[in-house]
Amino acid sequence: MQKLPHSTRTREVTATTAEASLLSRVFAKDILAHLRILAERAYPESQCCFRDERSTIDMIFSLCQLQKKRREQRMLLYVTFIDLTKTFDLVSREGLFKILPKISCPSKLQNMIESLHNNMKETVQYDSNLSELFNIRSGVKQGCVLAPTLFGIFFALKIRFRYFIGRGLPTD
1 MQKLPHSTRT REVTATTAEA SLLSRVFAKD ILAHLRILAE RAYPESQCCF RDERSTIDMI
61 FSLCQLQKKR REQRMLLYVT FIDLTKTFDL VSREGLFKIL PKISCPSKLQ NMIESLHNNM
121 KETVQYDSNL SELFNIRSGV KQGCVLAPTL FGIFFALKIR FRYFIGRGLP TD
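By UniProt numbering, the letter at position 94 of the sequence shown is numbered 94, and the numbering carries on one by one without gaps.
The set of hints was computed from the structure by calculation and includes no laboratory data. One or more of the hints may lead you astray.
[Said to hold, decoys possible] Straight-line distance between alpha carbons at most 30 Å, and here's what the computed DSSO-like set of lysine-lysine pairs gives:
| id | residue 1 | residue 2 |
| --- | --- | --- |
| 1 | K108 | K158 |
| 2 | K141 | K86 |
| 3 | K86 | K98 |
| 4 | K29 | K121 |
| 5 | K29 | K158 |
Use the sequences and the hints to build the structure in full.
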């Protein structure tokens, strides 16, 4: 950006964290529309979270119906609940970026997703002290609109490959 109309001096334009966050949200909403189409390829039919027109409430209703039928038939029903609260931070980015092409993610889209996750740095506050900046190498970006869908794709494919292959997710 030039400072004066006839000056050759320029200054660098930088985005503050808030501005960068706003820019990533604008781009992320466009990316999300494409990513949701890809997610439909990855999600099993039973997946209701992170999907349009479905919710956890649908699964709770199905579970209640199943429980009612099992009681009528005097059969046992085993249910497992998994708390995924902290798992968003544990997603292997390397693994995520290797599986996106497996659901036909275009390279341009993947590059945009990767660029939103590259060079992420964070600090930790303890009492009133802040740590030095450190790199974040795993997890999906907290607060990003893409995070639930990216996590859903990663989790669905990890379970699918683990269940059907028995070894985990192939990465080659």
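Tested hints:
Proposed proximity of K108 and K158 is supported: the alpha carbons are some 23 Å apart, at most 30 Å. Distance hint between K141 and K86 is fulfilled; the C-alpha atoms sit about 13 Å from each other, no more than 30 Å. Distance restraint check for K86 and K98: the Cα-Cα separation of roughly 22 Å lies within the 30 Å cut-off, and the hinted pair is therefore satisfied. Restraint check: the Cα-Cα separation between K29 and K121 comes to about 22 Å, which is no more than 30 Å; the hinted pair holds.
Distance restraint check for K29 and K158: the Cα-Cα separation of roughly 25 Å lies within the 30 Å cut-off, and the hinted pair is therefore satisfied.
Taken one by one, the earlier hints all hold for this structure without exception.
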